[in-house]
Structures are given as C-alpha cells and as structure tokens.
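> What follows is each chain in one-letter form.
There are 4 protein chains.
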Amino acid sequence: MHVTIENAERAIARAVEKAREIDTFMCIAVVDSGADLKAFRRMDDAWVGSIDIAIKKAKTAVFFGMPTGEIGKLSQPGGSLYGIEHSNGGLITFPGGLPIVDENGVMVGAIGVSGSSVENDHAVALAGAQALGSAELPSHPWRT
Amino acid sequence: MHVTIENAERAIARAVEKAREIDTFMCIAVVDSGADLKAFRRMDDAWVGSIDIAIKKAKTAVFFGMPTGEIGKLSQPGGSLYGIEHSNGGLITFPGGLPIVDENGVMVGAIGVSGSSVENDHAVALAGAQALGSAELPSHPWRT
Amino acid sequence: MHVTIENAERAIARAVEKAREIDTFMCIAVVDSGADLKAFRRMDDAWVGSIDIAIKKAKTAVFFGMPTGEIGKLSQPGGSLYGIEHSNGGLITFPGGLPIVDENGVMVGAIGVSGSSVENDHAVALAGAQALGSAELPSHPWRT
Amino acid sequence: MHVTIENAERAIARAVEKAREIDTFMCIAVVDSGADLKAFRRMDDAWVGSIDIAIKKAKTAVFFGMPTGEIGKLSQPGGSLYGIEHSNGGLITFPGGLPIVDENGVMVGAIGVSGSSVENDHAVALAGAQALGSAELPSHPWRT
Numbered sequence: 000m001h002v003t004i005e006n007a008e009r010a011i012a013r014a015v016e017k018a019r020e021i022d023t024f025m026c027i028a029v030v031d032s033g034a035d036l037k038a039f040r041r042m043d044d045a046w047v048g049s050i051d052i053a054i055k056k057a058k059t060a061v062f063f064g065m066p067t068g069e070i071g072k073l074s075q076p077g078g079s080l081y082g083i084e085h086s087n088g089g090l091i092t093f094p095g096g097l098p099i100v101d102e103n104g105v106m107v108g109a110i111g112v113s114g115s116s117v118e119n120d121h122a123v124a125l126a127g128a129q130a131l132g133s134a135e136l137p138s139h140p141w142r143t
Numbered sequence: 000m001h002v003t004i005e006n007a008e009r010a011i012a013r014a015v016e017k018a019r020e021i022d023t024f025m026c027i028a029v030v031d032s033g034a035d036l037k038a039f040r041r042m043d044d045a046w047v048g049s050i051d052i053a054i055k056k057a058k059t060a061v062f063f064g065m066p067t068g069e070i071g072k073l074s075q076p077g078g079s080l081y082g083i084e085h086s087n088g089g090l091i092t093f094p095g096g097l098p099i100v101d102e103n104g105v106m107v108g109a110i111g112v113s114g115s116s117v118e119n120d121h122a123v124a125l126a127g128a129q130a131l132g133s134a135e136l137p138s139h140p141w142r143t
Numbered sequence: 000m001h002v003t004i005e006n007a008e009r010a011i012a013r014a015v016e017k018a019r020e021i022d023t024f025m026c027i028a029v030v031d032s033g034a035d036l037k038a039f040r041r042m043d044d045a046w047v048g049s050i051d052i053a054i055k056k057a058k059t060a061v062f063f064g065m066p067t068g069e070i071g072k073l074s075q076p077g078g079s080l081y082g083i084e085h086s087n088g089g090l091i092t093f094p095g096g097l098p099i100v101d102e103n104g105v106m107v108g109a110i111g112v113s114g115s116s117v118e119n120d121h122a123v124a125l126a127g128a129q130a131l132g133s134a135e136l137p138s139h140p141w142r143t
Numbered sequence: 000m001h002v003t004i005e006n007a008e009r010a011i012a013r014a015v016e017k018a019r020e021i022d023t024f025m026c027i028a029v030v031d032s033g034a035d036l037k038a039f040r041r042m043d044d045a046w047v048g049s050i051d052i053a054i055k056k057a058k059t060a061v062f063f064g065m066p067t068g069e070i071g072k073l074s075q076p077g078g079s080l081y082g083i084e085h086s087n088g089g090l091i092t093f094p095g096g097l098p099i100v101d102e103n104g105v106m107v108g109a110i111g112v113s114g115s116s117v118e119n120d121h122a123v124a125l126a127g128a129q130a131l132g133s134a135e136l137p138s139h140p141w142r143t
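Protein chains in written order, with numbering that gives the first Met the number 0: chain A, 0 to 143; chain B, 0 to 143; chain C, 0 to 143; chain D, 0 to 143.
Calculated directly from the structure, the hints in this document are not laboratory data.
Fair warning: there could be bad hints in the mix.
[Claimed, not checked] Covered stretches of chain C, as calculated for chain D (at least 3 residues, CB under 8 Å):
#: 1; segment: 27–36
#: 2; segment: 39–47
[To be verified] As a list, the in silico SDA-like pairs of lysine to any residue whose alpha-carbon atoms are at most 25 Å apart:
#: 3; chain 1: D; residue 1: Lys-72; chain 2: D; residue 2: Glu-5
#: 4; chain 1: B; residue 1: Lys-72; chain 2: C; residue 2: Phe-93
#: 5; chain 1: A; residue 1: Lys-72; chain 2: D; residue 2: Glu-69
Glycine residues also receive a C-beta, built at the ideal position from the N, C-alpha and C atoms.
Build out the structure end to end from the sequences listed, making use of the hints.
Laid out in structure tokens, this is it:
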C-alpha cells in the first residue's frame, strides 16, 4: 500500500504548520512504501543542504520501518550497525525520519524533515505522520 | 531571485490541473534559480521512473536558462553539445523542462514534468510556468 | 501489489529452462512493482557484464510499465526520448526487460534478462513473465 | 574457483530455511570469488533497505576473505582500517557476511544476509555457508 498524493500533501501541510508554530524553516519529504519520492516542500529560507537530508531521512525510515533515530543509536562507533550509512546510496540515521502507518497498521510510506535541531525535525515529522495515522509500527513484519 | 514556496506550489497546482485536463499522470518538480529542489509532486499512478526525470528536467532548464528541448537539439550526434547529458550528475534534454521567468524578466527557477509524451510533458510544464509569468527569458544574461 | 518471492522464483526457473532450450547463458533479475530487486540468478558461464544489465532492464521495464525495447525505439538520436538512459541511475533500453502483469491486469513487477542477442534475451524474459501471467499491460494507468 | 549456480542456490535455500526457523525475513545474496553477484533472494516482508546491505556484505566478505564483522572491528574510530567503508562503492562491515570455503580450502565466494539483528544475520549466513563447506579460510593466501 502506498500513500496517496492527497494524503502526502496533507501530511506535509500539517508538518509545515507545526514548523511555523515552533518558528523553524524546514525541508519536508514524503516517500511511498517503496521508498520512492511522492511529495516534497522546501519552506522559504530553509537550508539548501536540508533538501537531500530530508529525502534521505524519509527513505531511511521506510527502508527499515523505524524512526531514523533508532537506527542511529545502533550505528555509533562500537554499535552493531556501525557504518550502515554507507548502504542504499547514503542513509541519514539521526532523528527526523518516521514511518507513516495508517489506521490498519500498514506502513504506507515515511516522512523526513530537516532544517533545525534534531528535536525540532522529529517534532515536525511526528506532526506530519500523525496527520495520517501514527508513526508506530506493529511488530515486524508489517504489511506494506 | 528564487521562486517562493507559495509560488512553486501555485505552479504545481496549475500543472496538475492541466495534467488532469489532458488525462495524464505526471511527476512535477520545481527548482529555484540555484537548481535546488523547491517542491515536488507525484500524482497517483504516475510512472516511478518519472520522478528522477522530472527533477532532472527542471534542473537542466535552470542550469542553462532554456527549455530542455532546445538543449536536446544541440546534443544530438554531430551536434555542438553532443554528450552534455553526462554533466551535472545527469541531464535530461528532451522537452518537459522550462525556465520560470517572472514579470520582470528574472529567471526565478524552473519546472520539470514527466509522465506522458514529450508534447504532453511540455504542455503541462508550460501551464505551470505561465501560472507565475512566462517560460521565455530575455536574451542572456538574464538576472537570477 | 508486489510479486511474491515464490512467484519470482517461478518466473526465473521458467526463464532458465527457456535459456537452456536455446542454448544460452543468462543473468535473470526480477524486481517488484517499486523497482526493488526481489530475486536474481546468474547461470554458470553467463557474462559478468550482464549482471548489471539484467537488473537495469528489469528496473527500466517497471519504471515506465513497458518493454525496454519500446523505450529504446524512442531514445534513438533524433527520437523524442533521446538520452533518457541518463536518468534513474542508468537505464537499459534495448530488449530483454518486460513488465510482469498478473491475471487481474496488475503490474506486479518486471523481469530483466541479459546474456545473449537481444532477441534471445527477449524470448527468455517473455517465457519468465508468461509463467506468471503476461507481459502486456492494459492501457496506462495500470494498478500496481 | 567460483561457486556454481547450483551451489549458490543450495546455500540460499538453506539460509532461507534457517531464517524461517528463527522467525525472520531476510535478504540473502551470494557472490562468486570475483565479488560478482551470483544469486539473490528477498523473502516476502524483508526490509527493502536490506537488499543493498546483503549484497554489500557478501562483496565485503569476498573482497578481503574474512567475515564482515572482523573488518568492522578494525574500522572503528582509531582502528587501523578506519573509514574503509568508503572504498569499493561502499562496504558493510558489521556481521552477516561470510566467505564460502569449499572442502579443499578454496574460497569460492561469499554469502551476505540482512534483515534482522546482526546475530541473526550472522546465524543465517553461517547456515548458508555451511551448506557448501565452511566459512573458515586457511591462512592467507588462500586459493580462489
């Protein structure tokens, strides 16, 4: 199941709203459950360097069906997934990427946000994901 | 000068409207005058392979301040720009990418469309560009 | 809808059988409807250079929902899609890649074959696709 | 000496069996002694992000004739191989990739597994390698 464009735009609109509430300037990407880009928006004054990070965060979240920050905990030096960022054309493993899970527990895509602190990036991504359902997957395997 | 996100979304909305009028399913990208992605939308049922093509068409149009199809005429075997597609991480030089020029003759970005015949791609890109001004640049050098 | 691994293996097994009948040594790839690799087999004595070609043919076929050779007709010098091979990390646009369409007309993935003449590559890909349904899509948009 | 396709498929079949025993969903790749892909299988519900990781683990194991986890011990900050992941188009240096060594002590290829914890990935790779011989190389130089 893939997120529709109508829903992807809805998630982005909510994320932008949240970004404004906390006075930030974000890049926001939504990918479908195949990790292919569905929609993207760069707010005025957002960092140009955040374009690629937002897209990679969204892809990373759908690649492994988990928040990017969870992967980052495991990819630290000495961690079990050290260096995983070298796969899949480059991952981003700090917070700001979240799966989008619909009301049936199906991962329909993911949202990635970049442009501020990782706490803010995460908060904006969460707002976007929750506009469509939640960011929490049932235990693997989920349906896609 | 860069296209604002409000205007980028306006161009995409008009392009989507045009795409529906001619019964097509498009990927539509808008980049700013620095060739950096500003907004993107993939209509439901659009080809997955068109994501990258739409973005590359928009970048190509702004890279050289001209319609992608014009570059394609020069990049044919024996042509003066033969092989230019190998530059800049990959160009797309057939129609569907157009500069976006505001009412002051300033190139503020470009739009790239992929998902149907090149004639349709061009028509949808043109509708999007014209929502903000035109796709025709004054003679080079233009202001960006 | 994505091809299952059981069906992907069935398509490859039939393709290998066909490859043997016509005395060839093939690389055979199956991707799902998101263009992500599902299964791959390189027959003994197949060209090493065919690994990447088989995978790219399968991806190309699913990217645009059509036989790779159809795209190749349009991407010749002077053609409307000249240079499209520069997109999506590199396309292969000569014959040997075919969509896999199930009995409901849904594109569930694609098969790519490389290792012999393009006629033989196509014949082997067709045998594989037909093991699961057909290689012929209803008119766009199909369901995925 | 290269692993035959018959043997590569046998290793993958055993690895899949092991993956099921421990209730996981894996991507499994086998490369030959030249690090070129021989066979690949993605079980249904395996992470899409694991495709590239499984292939890179197999390549990494054959590139240096050792388990990927052994390289990872040396590539930590301050370690003698720090940053080696940047070579060869991207290495994966955590566990899950193992050489495949035949009964004569010849490295005929490698197997890479991704889709669960590194402990599970390793266990599944080991089952696959042992279906053909062992994962333990005689001291370097080994024969290939």
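> So, for every hint listed, does it hold in this structure?
Against the structure, the hints come out as follows:
1. 27–36: Our answer is that it holds, as 3 residues pass the Cβ test (under 8 Å) against chain D, meeting three.
2. 39–47: holds (count 6)
3. Lys-72(D) to Glu-5(D): Violated, because 33 Å separates the two Cα atoms, which is more than 25 Å.
4. Lys-72(B) to Phe-93(C): Roughly 23 Å separates the two Cα atoms, so the pair holds.
5. Lys-72(A) to Glu-69(D): holds, 21 Å
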